[in-house]
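> In case you want the letters, here they are:
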Amino acid sequence: MTTNGQQKRPQIRKKDLSLWQLSYIPEIIKGMFLTFKQILRPKFTRQYPEEHWTPPSSYRGRPVLVEEDGVERCVACGLCARVCPALAIEVQASETEELAKERYPERFEINMLRCIFCGFCEEACPEEAIVMSNEYELVFSNQEDAIFGKEKLLMTTEQLKERLEFLKESR
Amino acid sequence: MEFFIISVIKIVIVLLIILTVVANLVYVERKVSAAIQNRIGPNRVGPWGLLQSPADVLKLFIKEDIVPSTANPFIHSLAPVISISVALVTFAVVPFGGSVELFGHQVKLMIADVNIGVLYILALTSLGVYGVTLSGWSSNNKYSLLGGLRAAAQLISYELSLGLSIIGVVMISGSLELDRIVEMQSGFQWNAFLTPIGFITFIVASFAETNRLPFDLPEAEPELVGGYHTEYSGMKFGTFFLAEYANMITASSLIVTLFLGGWQFPFLETFGLPAMMATVVQVLTFVTKVAFVLFFFIWIRWTIPRFRYDQLMNLGWKVMLPLALVNLVITGGLILAGLF
Ligand code: SF4
Ligand code: SF4
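If you read the sequences in order, they're chains W and G. So the first sequence is numbered by the working numbering: it starts at 1 and just counts up by one. So the second sequence is numbered by the working numbering: it starts at 172 and just counts up by one.
Hints should not be assumed to be uniformly reliable.
As the list claims (entries may be wrong) - With a Cα cut of at most 20 angstroms, we get these calculated PhoX-like pairs of lysine-lysine:
1. Lys30/W to Lys14/W
2. Lys489/G to Lys15/W
3. Lys279/G to Lys181/G
4. Lys489/G to Lys14/W
5. Lys43/W to Lys202/G
6. Lys202/G to Lys37/W
7. Lys101/W to Lys150/W
Said to hold, decoys possible - Not everything, but these chain G residues come out facing chain W in the computed CB check (under 10 angstroms):
8. Val203
9. Ala206
10. Ile207
11. Arg210
12. Asn214
13. Pro218
14. Asn312
15. Ile371
16. Trp470
17. Ile471
18. Trp473
19. Thr474
20. Val490
21. Leu492
What the hints assert, rightly or not - DEER-style ranges, computed between Cβ atoms:
22. Glu135/W to Leu229/G: 34 to 40 angstroms
23. Glu135/W to Met484/G: 51 to 57 angstroms
24. Leu34/W to Ile327/G: 29 to 35 angstroms
25. Asn286/G to Tyr48/W: 57 to 63 angstroms
26. Asn209/G to Pro55/W: 42 to 48 angstroms
27. Ala294/G to Val139/W: 37 to 43 angstroms
28. Ser297/G to Tyr136/W: 52 to 58 angstroms
29. Thr54/W to Ile180/G: 55 to 61 angstroms
These are calculated hints, taken from the structure and not from any lab test. Model, not experiment: these values are computed from the prediction. Glycine is no exception: its CB is placed at the ideal position from the N, C-alpha and C atoms.
Put together the whole structure using the sequences plus the hints.
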């Protein structure tokens, strides 16, 4: 007899109600008391710009590149750009001698006007080099500003610690 | 001449007060509704958001005034004027205090001391329909028209029970003068206690007359876009908006005057206050009572959902009208029995 863990209420038919109940008055009074009680209860409102919300680590904010020991993890394989349903990512690969890896992205751009925060890039990346951060405040005044280059995308592993741990647990 | 000057002064003062209260009532409504929904409400403009209403009015003045090309421009502009003036003019006969001795003149604290105050109110509230109906018709838009028609039907239906429930009060006090009706309710002989059924029917009818929830069918947003004022913008829309709140104030002060003892502070004469003080107390009593009724209006709005149109009509004709008639019979019987 339970639906969604709630006790099923007996059905109330109009013919069973007394005249007093049919007059709506008891129900209206009940409702008025309920709304009055709400006035005295604490408020839910968050004063947004002053009171910033920090999302939990499962939140998919803007995608960022992971920076480890001063360089990005990305090896410019282009998988994220391939999987991106919104075609928001552009990677230009280049070769390198001095780094531990052979390839690195010479240019890495995400068009934040295109990105739909699906998180596919993060899933596709073999190096865990692109992850979703917890930043959600994206404001631009023109289209050029919306294309984030490497300088805006790089974030250190310390900054992304929570997200990386979350990924380790849930993958 | 003297009478003329005193009247003009009274009109200016009362009008200014009412318009200020109207603007701030919007703010109060938003705050109360926010509190009921566990929100904070407007708090950005000025301290505690108190300047929200002036900011809104300013915005409405700056906005473009759009008149639909197929609308009747004259009536389209006339309708909001009718709405707001009816709402404000009704207040003219409401006494908000006894009479005072000011600079050697005996001044009654009401604008127009007409001896048929009750009839004047009934006449003017029926005029209010024109504002709504004409705005709906002149906009040449089907939603506006439907809203206007609904308003006409609703207001006419509830006018009857409104009038009938006042008659009980008139029978008890034996006068159509509002001043006299208030004087009769000294102590706790409030008409609300003498004719409780009339009180309830009057309150319900005034909710319908002011187009407030649960009877705001003329502007039911989910069905009619915006109802009769769909095609209005800028300050013309603002006028309708203010008219709704002005109507609320008028309706509340009528409820207070007719049923809740008006400016009477129970047993004030036994305190032996000087005449000036007594008047101040009376005016404050009136204001406080009106404030309580206004809060009640807002409180109801955020508690009870909107009626369906057929329910509204059923309630009006099959419940409210018979109740008002029963009230008349009971009141008549009690008067015959010599109880009041
Ligand atoms: S989150 Fe989705 S849309 Fe945004 S860059 Fe990654 S793959 Fe593209
Ligand atoms: S999938 Fe990862 S490694 Fe490959 S280009 Fe994208 S971010 Fe770099």
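> If a hint holds in the structure, say so; if it does not, say that too.
Structure-based check of all given hints:
Only pairs whose Cα atoms come within 20 angstroms are accepted, and lysine 30/W paired with lysine 14/W is accepted, the gap being roughly 19 angstroms. In summary, the hint linking lysine 489/G to lysine 15/W is supported, as the alpha carbons are separated by about 18 angstroms, within the 20 angstroms threshold. The suggested pairing of lysine 279/G with lysine 181/G holds, with an alpha-carbon distance near 10 angstroms, which does not exceed 20 angstroms. Of the pairs offered as hints, the one joining lysine 489/G and lysine 14/W holds, with about 18 angstroms between alpha carbons and a cut-off of 20 angstroms not exceeded.
Note on lysine 43/W and lysine 202/G: the hinted pairing holds, with a Cα-Cα distance of about 12 angstroms set against a maximum of 20 angstroms. A threshold of 20 angstroms between alpha carbons decides the hint, and for lysine 202/G with lysine 37/W the separation of about 15 angstroms falls inside it, so the pair holds. For a cut-off of 20 angstroms, the pair hint linking lysine 101/W to lysine 150/W stands: about 18 angstroms separates their Cα positions. Taken as an interface hint, valine 203/G checks out: its beta carbon lies about 8 angstroms from the nearest beta carbon of chain W, inside 10 angstroms.
A cut of 10 angstroms between beta carbons decides the hint on alanine 206/G: the least distance to chain W is about 4 angstroms, and the hint holds. The criterion of a C-beta within 10 angstroms of any C-beta in chain W is met by isoleucine 207/G, whose closest approach is roughly 5 angstroms, and the hint holds. Interface hint status for arginine 210/G: upheld, as the beta-carbon distance to the closest one in chain W is roughly 5 angstroms, under 10 angstroms. Hint status for asparagine 214/G: holds, given a least beta-carbon distance of 8 angstroms to chain W, under 10 angstroms.
For the restraint placing proline 218/G at the interface with chain W, the shortest Cβ-Cβ distance is roughly 15 angstroms, beyond the 10 angstroms limit, so the hint is violated. Proximity of asparagine 312/G to chain W is violated relative to the hint, the smallest CB-CB distance being about 34 angstroms (cut-off 10 angstroms). Using the Cβ-Cβ criterion of 10 angstroms, the hint placing isoleucine 371/G at the interface with chain W is satisfied: the shortest such distance is roughly 9 angstroms. Using the Cβ-Cβ criterion of 10 angstroms, the hint placing tryptophan 470/G at the interface with chain W is satisfied: the shortest such distance is roughly 7 angstroms.
Evaluation of the isoleucine 471/G hint against chain W yields a held restraint, the C-beta minimum of about 7 angstroms falling below 10 angstroms. Look at tryptophan 473/G: its Cβ gets to within about 6 angstroms of chain W, closer than 10 angstroms, so that hint holds up. Interface hint at threonine 474/G: satisfied, since its Cβ lies 5 angstroms from the closest Cβ of chain W, which is below the 10 angstroms cut-off. Against a cut-off of 10 angstroms between C-beta atoms, the interface hint on valine 490/G holds, since the closest Cβ of chain W lies about 9 angstroms away.
Checking leucine 492/G against chain W by beta carbon gives a least distance of about 15 angstroms; that is not within 10 angstroms, so the hint is violated. For the pair glutamate 135/W and leucine 229/G, the supplied restraint of 34 to 40 angstroms holds, since their beta-carbon distance comes to about 36 angstroms. The hint said 51 to 57 angstroms for the Cβ distance between glutamate 135/W and methionine 484/G, and at roughly 55 angstroms that hint holds. Under the hint 29 to 35 angstroms, the C-beta atoms of leucine 34/W and isoleucine 327/G, about 34 angstroms apart, fit the expected range.
Distance hint for asparagine 286/G and tyrosine 48/W: a CB-CB separation of about 58 angstroms, consistent with the stated range 57 to 63 angstroms. For asparagine 209/G paired with proline 55/W, a C-beta distance near 22 angstroms fails the hint of 42 to 48 angstroms. Between alanine 294/G and valine 139/W, the C-beta spacing of about 57 angstroms breaks the proposed range 37 to 43 angstroms. Checking the proposed 52 to 58 angstroms range against serine 297/G and tyrosine 136/W shows it holds: the Cβ atoms sit about 55 angstroms from each other.
Between threonine 54/W and isoleucine 180/G, the C-beta spacing of about 60 angstroms keeps the proposed range 55 to 61 angstroms intact.
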